[in-house]
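Enquirer: Please model the entire structure based on the sequences and the hints provided.
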Amino acid sequence: MSCAFECRMARFAYITMKKGNTLFFKTRPRVRSYAAVCGSKEKEGVIGGYADVTLSDDMYGESTYEKAECKMLSAAVSLAVEKSGLTDGDIDVLFSGDLLNQIISASFAARDFQFPFLGLYSACSTMSEGMLLSAVLVDGGFAVNCVAATGSHFASAERQYRYPLELGCTRPPQSQWTVTGAGACVVSRGAGNIAINSATLGRVRDWGVTDVNNMGAAMAPAAADTILRHFEDTGRGPEDYDMIITGDLGALGSRILKDLMWEKGCDVSDNHVDCGEIVYNVIEDEFQGGSGAGCSAVVMNSYIFTKMDAGLYKRVLFAATGALLSTVSSGQGESIPGISHAVEFERLPPAKE
Amino acid sequence: MTDSARRGNINYLEYVRSLEPSTKHFKNCLSAFGVGGLICVIGQFFRYMLGFAGLSGDELAGAVSVVLIFLGCFLTGLGVYDRIGRHAGAGSIVPITGFANSVTSPAIEFRTEGYIFGTAAKMFTVAGAIIVYGVFSGVMVGIIYYFL
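Protein chains in written order, with the working numbering: chain A, 1 to 353; chain B, 354 to 501.
Take the hints with a grain of salt, since some may be wrong.
[As the list claims (entries may be wrong)] Subject to a maximum C-alpha distance of 30 Å in a straight line, what follows is the list of computed BS3-like cross-link-like pairs (lysine-lysine):
1) A/K19 x A/K264
2) A/K43 x A/K67
3) B/K377 x A/K67
4) A/K314 x A/K18
5) A/K258 x B/K377
6) A/K258 x A/K43
Worth flagging that the hints you see were computed from the coordinates, not collected in a lab.
Here the structure is a predicted model, which is why all the values come from computation and not from measurement.
Expert: Set out below in C-alpha cells:
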C-alpha cells in the first residue's frame, strides 16, 4: 500500500470516525473478558451472584483499607487477564484509576503487573473513561489487548472525603454509600461477544450544586448532556437501547436525570438503570444507593456483562458519572463539577463468533 | 458565568431542593431526647454510686466525667458508638461521651499512619473545633459575667 493511499484512507477514516464528540470504532473492539471483586455489603445485593470474588472481610486480609482497595483492584485485573486466556505479556496497557489522592490504589496495584500503566482520574466515571481509551487504542491499531479497571473502598473513601468511620454522626437522607469493590475488563481486537461500537466524550458540567452529600444532583446534568449528545451524534433514541446505564446517580440523581432528559424531549424512564440505585438492597444507611468508582465498575463487570454475554441485552449504553470534587474545593465553597463518558456496547449475534 | 446561566442554576437548585428527602425532625428529636436522656441517667447513676463511695463536690463531678469518657471511648473502640450516633444524632454527640467519641475515632482511624503523625496528630481533627470554640465561648461568657 502506497503512502499516499494510506494518507487518503486516514483522512477518510478521520471524517467518518467522529461526529460531534462521539467516536465510532470501525474495528469494533471487543470486551474479551471481565472480572469483579466486591465487598461483604455488596454481596447481599444484586451483584453478589455475579461477582468473581466476594469478600467476607472488607480488610481483605490486609492491615489498612487502602491496601485492601489496592489488593481488590489488583485481583480484579489479574482475574480479568486470567479469564481472557492471555498472559501478562499479551497486554499492551492498563488504564486504571481510583478515588484516593494521587490514585495510589491504581498505581500501587500496577506494581504487580508486567505491562505498562496509564493512570486516570475521572472520579466515578473512571470505568467508562478507561473502556473508551482502551477502545481508542485498540481501534487505532496501537494496542491489541488493553485492560480498563477501577475500584473503590467504603472505608478509605469515608476517611478521605468525610469523617472517621467510628465517629457517631448522622448521614443525611440524600447521601450515598461508597461501594467496596473493583472491576476490570480486557478490551481486545477480535475476540469476544460484546463489541464496543462507539463512545461519547463527556463535557464537564457544573450547575452550581455545592452539597457534597448530594452528588447525584451534581452529576445528573453531565449525564444528561452526554447521553443527549450521544443520541444526537448517532441519530438514535432511547428506544434503540435495551438499557441506558448510568454510574452512581443514586435514586435521587436518577429521578433528576429522567426529568432533565424528558425536558429535552427524550424519555428514558423505561430503560434507564442506575448502578448506584440497584447495587444495594437498601436496609441500613445507603439511602440513595451506592456511589464511588467501584460502583459502576462492579455492576458492569459482573451483572451487566454476564447478562449481555447470555444474550439478554443486545445494545447497552453505559454512561458512568463522576463528581470532580476534592475536600479542598468543597471546603472552599466551590460547586461540584460533574462529568460523564458514554460507551456503547453491542452483543454480537452468535453466528459471527 | 453569564447571568442567564446563573438564573438557570438557581432554577435547577430550587428544583433539586424540592426533590430532596426531608429530614425527619420529629423522629430525630425523639431519639435524640431518648438516647441523650439515657446517657444522663447513666451519668446520674454513677454519681449516686460514687457518692456512696465517699466522693463529693468537684471530685465527684470529675469522677463521673471520667467514667462517662471511658465508656464513650470504650464503645467507640468496640465499634458501637457510631451505630448509636447514627440513630441518636445530637443525643449522643452533645454529652461528654460524644466528645470522647470525636477524639477516639480519628485516633483509631489514623493509627495506620503511625503513633506520632497518625494517632497523636490527627486525634483532634474533629474535636479541635469543639475545643477552640468551647474555650472561646467560655471566655466570652466569662467576660459578660464579669461585667454583670
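Enquirer: It remains to establish, for every hint, whether it holds in the given structure.
Expert: Structure-based check of all given hints:
1. A C-alpha spacing of about 20 Å is found between A/K19 and A/K264, which places the hinted pair at or below 30 Å, so the restraint holds.
2. With a C-alpha separation of about 20 Å, the suggested pair A/K43 and A/K67 falls inside the 30 Å cut-off, and the hint holds.
3. Taken as a hint, the B/K377 and A/K67 pair is broken in the structure, with Cα atoms around 38 Å apart against an allowance of 30 Å.
4. Taken as a hint, the A/K314 and A/K18 pair is honoured in the structure, with Cα atoms around 23 Å apart against an allowance of 30 Å.
5. As the CA atoms of A/K258 and B/K377 are separated by approximately 26 Å, the hinted pair is consistent with the 30 Å bound.
6. This hinted pair checks out: A/K258 and A/K43 have alpha carbons roughly 28 Å apart, not beyond 30 Å.
Hint 3 from the list above is the single one not met by this structure.
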